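*Asks:* Got chain A sorted already, so can you dock chain B onto it with the hints?
There are 2 protein chains.
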Amino acid sequence: MTSLQHFQTLFSSKYYCIRNPNEQNLSIKVNGISRLPSSLIVTSMRKVLKTSSYIARATMATKVAYVNETLPSARQNIPTKKQLVDPVRQGVIIEGGVGYRQTVVIRSYEVGADKTATLESILNLLQETALNHVWVSGLLGDGFGATHGMVRNKLIWVVTRMQVQMDQYPIWGEVMEVETWVGASGKNGMRRDWLIRSQATGLVYARATSTWVMMNQETRRLSKMPEEVRAEISPWFIDKKAIQENNNTPETIKKLENNARYMKHNLKPKRSDLDMNQHVNNVKYVKWMLETIPEVFLERHQLSSITLEYRRECGSSDTVQSLSEPDDKDGMFMERTEEESCIKICRENSLPVEVLQGKSIKFTLSYTHLLQITGLSKSQEIVRGRTTWLRKITTFPIPYLTSHNVQRIML
Amino acid sequence: MTSLQHFQTLFSSKYYCIRNPNEQNLSIKVNGISRLPSSLIVTSMRKVLKTSSYIARATMATKVAYVNETLPSARQNIPTKKQLVDPVRQGVIIEGGVGYRQTVVIRSYEVGADKTATLESILNLLQETALNHVWVSGLLGDGFGATHGMVRNKLIWVVTRMQVQMDQYPIWGEVMEVETWVGASGKNGMRRDWLIRSQATGLVYARATSTWVMMNQETRRLSKMPEEVRAEISPWFIDKKAIQENNNTPETIKKLENNARYMKHNLKPKRSDLDMNQHVNNVKYVKWMLETIPEVFLERHQLSSITLEYRRECGSSDTVQSLSEPDDKDGMFMERTEEESCIKICRENSLPVEVLQGKSIKFTLSYTHLLQITGLSKSQEIVRGRTTWLRKITTFPIPYLTSHNVQRIML
Numbered sequence: 247m248t249s250l251q252h253f254q255t256l257f258s259s260k261y262y263c264i265r266n267p268n269e270q271n272l273s274i275k276v277n278g279i280s281r282l283p284s285s286l287i288v289t290s291m292r293k294v295l296k297t298s299s300y301i302a303r304a305t306m307a308t309k310v311a312y313v314n315e316t317l318p319s320a321r322q323n324i325p326t327k328k329q330l331v332d333p334v335r336q337g338v339i340i341e342g343g344v345g346y347r348q349t350v351v352i353r354s355y356e357v358g359a360d361k362t363a364t365l366e367s368i369l370n371l372l373q374e375t376a377l378n379h380v381w382v383s384g385l386l387g388d389g390f391g392a393t394h395g396m397v398r399n400k401l402i403w404v405v406t407r408m409q410v411q412m413d414q415y416p417i418w419g420e421v422m423e424v425e426t427w428v429g430a431s432g433k434n435g436m437r438r439d440w441l442i443r444s445q446a447t448g449l450v451y452a453r454a455t456s457t458w459v460m461m462n463q464e465t466r467r468l469s470k471m472p473e474e475v476r477a478e479i480s481p482w483f484i485d486k487k488a489i490q491e492n493n494n495t496p497e498t499i500k501k502l503e504n505n506a507r508y509m510k511h512n513l514k515p516k517r518s519d520l521d522m523n524q525h526v527n528n529v530k531y532v533k534w535m536l537e538t539i540p541e542v543f544l545e546r547h548q549l550s551s552i553t554l555e556y557r558r559e560c561g562s563s564d565t566v567q568s569l570s571e572p573d574d575k576d577g578m579f580m581e582r583t584e585e586e587s588c589i590k591i592c593r594e595n596s597l598p599v600e601v602l603q604g605k606s607i608k609f610t611l612s613y614t615h616l617l618q619i620t621g622l623s624k625s626q627e628i629v630r631g632r633t634t635w636l637r638k639i640t641t642f643p644i645p646y647l648t649s650h651n652v653q654r655i656m657l
Numbered sequence: 247m248t249s250l251q252h253f254q255t256l257f258s259s260k261y262y263c264i265r266n267p268n269e270q271n272l273s274i275k276v277n278g279i280s281r282l283p284s285s286l287i288v289t290s291m292r293k294v295l296k297t298s299s300y301i302a303r304a305t306m307a308t309k310v311a312y313v314n315e316t317l318p319s320a321r322q323n324i325p326t327k328k329q330l331v332d333p334v335r336q337g338v339i340i341e342g343g344v345g346y347r348q349t350v351v352i353r354s355y356e357v358g359a360d361k362t363a364t365l366e367s368i369l370n371l372l373q374e375t376a377l378n379h380v381w382v383s384g385l386l387g388d389g390f391g392a393t394h395g396m397v398r399n400k401l402i403w404v405v406t407r408m409q410v411q412m413d414q415y416p417i418w419g420e421v422m423e424v425e426t427w428v429g430a431s432g433k434n435g436m437r438r439d440w441l442i443r444s445q446a447t448g449l450v451y452a453r454a455t456s457t458w459v460m461m462n463q464e465t466r467r468l469s470k471m472p473e474e475v476r477a478e479i480s481p482w483f484i485d486k487k488a489i490q491e492n493n494n495t496p497e498t499i500k501k502l503e504n505n506a507r508y509m510k511h512n513l514k515p516k517r518s519d520l521d522m523n524q525h526v527n528n529v530k531y532v533k534w535m536l537e538t539i540p541e542v543f544l545e546r547h548q549l550s551s552i553t554l555e556y557r558r559e560c561g562s563s564d565t566v567q568s569l570s571e572p573d574d575k576d577g578m579f580m581e582r583t584e585e586e587s588c589i590k591i592c593r594e595n596s597l598p599v600e601v602l603q604g605k606s607i608k609f610t611l612s613y614t615h616l617l618q619i620t621g622l623s624k625s626q627e628i629v630r631g632r633t634t635w636l637r638k639i640t641t642f643p644i645p646y647l648t649s650h651n652v653q654r655i656m657l
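Which chain is which? The protein sequence lines are A and B, in order. For the first sequence, the positions run 247 to 657 when the numbering used here is used. For the second sequence, the positions run 247 to 657 when the numbering used here is used.
Just chain A, with the same shape it has in the complex:
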């Protein structure tokens, strides 16, 4: 017996009981088959082991863990062939064999204080269903949505554009159906779209579209789509759009200058902001963008659309600046009270104010955003953004609409 075997034997027999005193013996039944535990963790040894054996001394001052040796592949169980149904993810292949639909329940921690899903949660669900689409396709290699062919070519996916249109926010416990599919985008790109529908009402709450290209993981340069990758993914392409655009080339977002109305400096990625690709995650970008917007605006408005144009990667050691500029130069919508805004709209349009009573009428406003890396000789753009917002006007009781109020607004 080698020292290593001796070490393992000691740990796997005698001491396992210490951690789980309620375990009757060492065997663990997995699917009815008795096997030796693969995760042996030994604690509280100080109290138990008072002998002078070298193992006992080794653990006197420390806690020793002998970690699970089950291979990650067995724990993940990524399919190697196309699956039509994924019962555990509640996913199913649709659209004649190429699209994917997943049933998702809005969880308690995905909603904010108003019980509706946060934008972050929606973006997370888009990412999750996209990856699960690749997962059931049998194409998923080692990595973050990369196919086997991409892994062989050391390629990863990079998003260049993302647009999300939120018509309505799901609420806690609401069951949603997320549909996603892919299509061609130019010669070397891929488009991925989503629809988020409420199962109970059948209504589409959100629509999203995105454009992806490939990057060499080592050189960090964009790459053409290799033929072997095209052969893998192009059979999945369909020509269907979640968001209809007026023309085929979407408007470019203007670049903000350093005199933007709202700015936040010295933003630094934390360890927890990095995703499996070791990038700052998209959701963090959106958080940084929205953090510049004044609280009073966020309280009174709901985001109704967001467009992101990605320019370059943000690494874990970069220092980031977030700029935002509202279209509404005079801040009219922000400073006026809800009743005042409502009354003003009605007066301007010869509408009787009663039409608004009991209804939620909302007004739009837009922001332009920019995240850039600072501390270099020249700032480098990470992502440009554009958000539109709806003014939330809550139902107000009719007594507020006195002629005195109306008079005051008109002056």
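Mixed in with the good hints there might be a few duds.
Which copy? The list can't say, so a pair holds if one copy fits it or any two copies do.
Stated by the list, open to error - In silico DSSO-like links for lysine-lysine, alpha-carbon gap of 27 Å or less:
(1) Lys624 - Lys510
(2) Lys327 - Lys361
(3) Lys400 - Lys361
(4) Lys638 - Lys516
(5) Lys638 - Lys514
(6) Lys533 - Lys361
(7) Lys516 - Lys533
(8) Lys510 - Lys533
(9) Lys638 - Lys533
Worth flagging that the hints you see were computed from the coordinates, not collected in a lab. As the structure is a computational prediction, the values presented were derived from the model and not from experiment.
*Replies:* Here is chain B on its own, set in the frame of chain A:
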């Protein structure tokens, strides 16, 4: 026709098409039944409506949303009677009709850069499965896990103690089985426990326990358990513990003083940190606690247990201070390299260094934590915490273990 009806008619007929030009007509089929859309959103009106009608003018400069009027209750569909199975949440009643088990897939955004689930994700899953247990029980009233009887008595749940023991972290895509159940805690409290098990390996990765009492929502004072609430929940109580304690009264965490080694000041809750109860969420507390710990420590260690003792609520306007103090006063574990630590342990215990080659051997270290509200005449404790950590020693190649290295350590 009233002005309001006129307004609604205009919006619900003519203009809905503008938003969805690909919709053939206005009817939407839900479960095969044709119905008028309840969510009518009108956009891009500026381009279309060039007439001088007052509606047209009202929308010239604004976007008007006429929101979904489907009742939240129809969208949530909270059961009013006990369900033995919840197919959409993948939950099932166990333990002779009183426990709950839910199948959960670890999602891509719930893992960190190392592809293992974050502590935050684990805490979120505990909260989610607890609420879903109440959901399927048929006891869920309006609120955040409160029963019908609690709602009638204006009571909410407040957690007083929480303990999580992480033996292993699930990885991306791993299918987990979360079991949870409740029991009595003293005369007026409730205990809730959890086990998180890997479906593939059958191993328990995490164990957790918590203690809850009731608080009057208005007076914010703790309350006795009313008889009608006891009648609702006590049939669900079982006497089973996820974590065995050496004695029945768990150790109290010592209070840190203002000279703790690591401190962060001026922490302020954001809107997004508030949960459905309008409280700063537990997960945020844990983030604040762990934020004080140096990055270099977090990189090399993995949290293996956390205990939280809650003292008072934190409101959205409070300013918080986070203090942390490691047990290890000389920072021995932090400054030494992995190889050096391994070799030292082996030398001290007369073990050949080869036994560690290819194995992950970890060392423990503990921290004491405190979150308190500052800016008052006297600081007020929110929560005391205690964490234990395992040193991650990654596999290192055998060439590192030269006698030169060993020699250097011994000096």
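*Asks:* Give a verdict on every hint.
*Replies:* Going down the list of hints, with the structure as the test:
Only within a single protomer do Lys624 and Lys510 lie at most 27 Å apart by alpha-carbon distance; the minimum there is 18 Å, versus 32 Å between protomers. Taking the shortest alpha-carbon separations for Lys327 and Lys361, only the inter-copy value of 23 Å comes in at or below 27 Å, while the best intra-copy value is 39 Å. Taking the closest pair of Cα atoms, Lys400 and Lys361 come within 27 Å of each other only across two copies (19 Å); inside a single copy the shortest separation is 42 Å, beyond that limit. Only between protomers do Lys638 and Lys516 lie at most 27 Å apart by alpha-carbon distance; the minimum there is 20 Å, versus 33 Å within a single protomer.
For the identical chains of this complex, Lys638 and Lys514 are inter-copy neighbours only, at 25 Å across copies versus 32 Å inside a copy, given an alpha-carbon limit of 27 Å. Proximity of Lys533 to Lys361 under the C-alpha cut-off of 27 Å is found in both arrangements, the shortest distances being 19 Å within a copy and 22 Å between copies. Proximity of Lys516 and Lys533 under a CA criterion of 27 Å is satisfied in both settings, with 13 Å inside one chain copy and 12 Å between copies. Taking identical chains as interchangeable, the C-alpha atoms of Lys510 and Lys533 lie at most 27 Å apart whether they share a chain (12 Å) or sit on different chains (22 Å).
With identical chains, the CA atoms of Lys638 and Lys533 are at most 27 Å apart within one copy only, with a shortest distance of 21 Å there and 31 Å across copies.
Violated hints: none; the structure is consistent with every hint.
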